[in-house]
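Line order of the protein sequences matches chains A and B.
Everything in the first sequence is counted per this note's numbering, starting at 1 for the first residue and increasing by one.
Everything in the second sequence is counted per this note's numbering, starting at 177 for the first residue and increasing by one.
Hints are computed from structural coordinates only; laboratory data are not their basis.
All residues carry an ideal CB built from backbone N, CA and C; glycine is no exception.
One thing to keep in mind: the hints can contain errors.
Said to hold, decoys possible - Derived list of chain B stretches under chain A, where covered just means 3 residues or more per stretch with a C-beta under 8 Å from a C-beta of chain A:
1) 425-438
2) 544-556
3) 573-580
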Amino acid sequence: MRRFALIRKTLIVCALVAVFALALGSGPAQIASAQTPTPNQINEVARELWCPLCNGVRLDNCDLQACIQMREVISQKLEAGESTDNIKAYFVQQYGDVVLGQPSTEGFNLIAWIFPILAAVVGLGWVAYLVVTWRKKQAAPAVAASGAPSGGQLRRPGEEPDDYMKRVERELRETE
Amino acid sequence: MTDLGYIAIILAFLLSLYGIAASAFGALKNRPDFVGSGRNSVYVVSGLVIFAGLLMWRALLTNEFHVEFVASHSERALPTIFKISALWGGQAGSLLFWSMLASLMAVVATFSFRKQGSSLMPWVNVVLLVYVGFFMSLLLFAENPFARLWMVNGQQVISVFQPTGAVALIPPDGNGLNPQLQNYWMVLHPVALYLGFVGMVVPFAFAVAALVTGQLGNTWIKLIRRWTLVPWAFLTVGILLGSQWAYLELGWGGYWAWDPVENASFLPWLTATAFVHSIMIQERRGMLKVWNMVLIGLTFQLTMIGTFLTRSGVVQSVHSFALSAVGPMFAAFIIITSLAFIGLLIWRLPHLKSENSLDSVMSRETAFLTQNVIFVLIMAATFLGTIFPSISELVMGDKISLNAPYFMRVNGPIFVALLVLMGAAPLLAWRRSGPETLRRNFLAPISAGLLSVPVMFLLGNRTMGGFVGVAIIAFVLAGIIQEYVRGVRARRQSTGEPLPTALVQLVRRNGRRYGGYIVHIGVLMVALGIIGNEFYQSEVDANLKRGESVQIANYTLTYERLDMVDGPNFTELIAPMTVAKNGRVVGEILPKKHIYDKNPEQPMSEVGLRAGVVEDVYAVLAGWDNMGDTASFKVFVNPLMSWMWVGGIVMMIGVLISAWPRRVATTAEATRRVPEGAQTA
């Protein structure tokens with residue numbers, strides 16, 4: 001049984017070796033000619049693109065056959081002297097915006113960009129509104145805070161403007 | 177035996193319904209006997225769920241492949257540790273595991289609060305039982321982990337009970353566990369994350385109880401402070417362990433990809449962090465009562481929404497929503513409980529008025545409030561980014577992807593603002609800071625921030641992100657050090673203690689504040705790791721023959737050979753690489769590939785790593801040829817990554833100090849001896 005398992009494992013490994021050999025492409029990069037892009041040059045473009053099939057996997061890291069082929073296309077296009085932007089545009093045309101990893105800034109997808117800005121305006125506007133309205137209320141005598149002094153940072157009624165050291169000392173004395 | 181598990185789940189479901197009714201009736205009619213019975217049902221329900229979980233573990237450990245879940249997620253050769261973690265390796269099992277942890281949390285909460293907050297507890301029990309009961313209903317009606325395999329007329333059938341004319345189908349071996357989960361980090365990561373998720377039900381339950389009973393003062397806030405910090409700590413650890421796993425297993429040199437599953441864990445962490453801070457304002461100033469209710473409600477719902485999004489398949493495609501009953505059931509639970517909570521909140525709105533108001537723009541309250549809003553902003557942007565592909569698919573019919581570029585662009589600037597506030601808030605006094613205080617508190621931190629710029633320049637940095645990031649870190653760190661120095665100095669002046677004693681006493685006596693600062697230091701260390709990885713990472717791809725080398729940064733890595741080793745349920749291919757720094761050999765790293773017997777089409781990378789204080793050398797074996805004559809590698813130098821993991825540990829130390837129970841004397845004694853600021857610590 002054990003021998004069969006070993007043979008099976010070896011077969012599997014051999015099959016995988018064949019797959020990886022394909023993935024490796026044609027020979028080591030060190031002997032690449034001046035025209036043939038190096039793996040690093042290909043990856044520089046691939047890093048800006050995303051696998052159209054997997055969720056959240058960058059093209060330079062994807063082992064899918066489709067992505068290996070996409071990298072080959074990048075290599076051919078680099079060899080033909082095309083720019084990164086041109087190559088990206090080609091893939092967008094082929095697969096749609098999905099390869100960009102971010103929505104376009106047109107049409108419905110613009111919402112994805114506008115919403116965070118709108119949320120920031122509303123959120124920070126709310127803080128500003130609270131600060132303004134609450135400060136107005138301040139004219140009325142404020143009820144003493146239920147929690148009074150925090151770690152020594154809160155001024156007590158009648159106390160002179162903050163003196164950090166004095167307050168820390170006082171707090172420490174109280175703690176003793 | 178698994179029948180017993182199923183029966184336990186049915187009983188737990190029915191008993192949780194009874195417990196909900198008994199607790200509510202007891203509280204409404206002031207009947208302690210019913211309240212007690214409701215409380216006891218929490219114990220019994222939890223016992224039953226844990227019993228069911230243990231039976232499932234038994235099935236996994238004894239290879240009961242008749243059980244469909246075991247057959248699908250385990251195998252004979254699976255190492256024991258992964259047989260245990262296989263419980264959360266699939267939908268049904270992970271829901272059962274979630275229920276177990278929720279039950280455990282319910283028991284601990286009910287037991288530890290048995291003498292406190294007596295009028296709140298019946299309603300707390302109601303919420304806990306609704307929560308556990310809901311998970312029981314998922315196990316019973318949507319994903320049953322105890323379903324078994326049968327053969328009826330040559331057809332495979334999955335059913336708990338034997339269908340008519342069926343014979344038991346017992347496969348000789350299981351399909352094995354997903355290779356991605358066969359990693360030690362994946363044993364720990366889900367446990368920590370789930371504890372964080374389920375832990376958030378306790379503060380939520382108290383919030384509901386406070387709303388129902390109308391006890392809306394600070395009592396509930398004080399009771400649940402630690403019960404929020406602990407799940408928050410688990411969430412933090414869970415997220416960092418997940419990042420560690422991604423860093424070591426996925427082999428792309430990164431640690432966070434902003435994918436929906438990661439975002440699902442991050443969303444409640446953001447609102448929980450806001451909540452941990454904003455409850456301080458309620459305790460000390462009686463402000464933001466509604467906001468705190470909203471934050472804890474959001475946090476709880478986000479633990480459910482995140483789970484719903486990733487489990488229903490809705491994120492992958494809107495069309496997969498109805499494929500399993502889990503999605504619709506989660507959706508119904510979230511909608512109903514949210515509406516109920518909002519209803520309660522509106523009903524109690526008149527009683528949630530602020531006792532104080534903001535005195536000044538330059539106050540800690542304003543800084544906290546802004547920080548809170550920023551946390552919620554990041555949450556909203558991340559949430560939108562997570563669900564937007566589905567919305568776009570629904571509206572436009574086209575699928576788009578929102579990955580790291582989007583999230584970094586949107587969240588990056590907000591995070592920068594957040595870090596600045598983290599440094600500024602502790603330097604601002606409560607209520608208002610005068611110009612003199614501002615000058616005194618901010619002078620050193622701002623100077624440190626500014627000084628870091630020329631220092632970074634001299635160190636060779638030319639990246640804007642590096643200048644900004646390090647300047648902010650220097651600013652925040654200097655502020656924290658200043659707080660410590662002043663505290664210790666004041667203590668030494670008043671008590672004459674030697675420096676180490678003064679430092680220890682300072683932290684011991686006001687652990688909440690100084691522990692909090694330690695958490696902030698941990699955050700800075702994590703930020704340093706992020707800066708290192710984002711702005712200074714080097715990467716190179718190389719196809720190497722045996723004995724050939726590749727250069728990256730100051731390092732030369734030489735590919736030695738390819739070894740093949742038999743593992744318990746996988747074949748391991750190891751490609752040792754000698755690492756030389758500036759020409760001197762400093763060690764060897766072992767990039768590996770695991771090819772699992774049951775999933776050979778999904779080989780897993782085990783990165784070769786040489787971790788260091790300054791930088792990690794990180795290599796991934798990408799492929800090989802002719803039995804290793806040639807191999808291809810992705811090699812990275814990731815500066816400062818270790819700081820991220822150490823930062824996580826420092827954060828936990830800070831939380832421990834902050835949440836550590838202090839000796840509580842009698843109430844009268846405590847009031848007499850301890851100033852109020854320390855009481856809440």
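Status of the hints after comparison with the structure:
{"no.": "1", "hint": "425-438", "in the structure": "holds (count 7)"}
{"no.": "2", "hint": "544-556", "in the structure": "holds (count 7)"}
{"no.": "3", "hint": "573-580", "in the structure": "holds (count 7)"}
The structure is consistent with each of the numbered hints, conforming to all of them.
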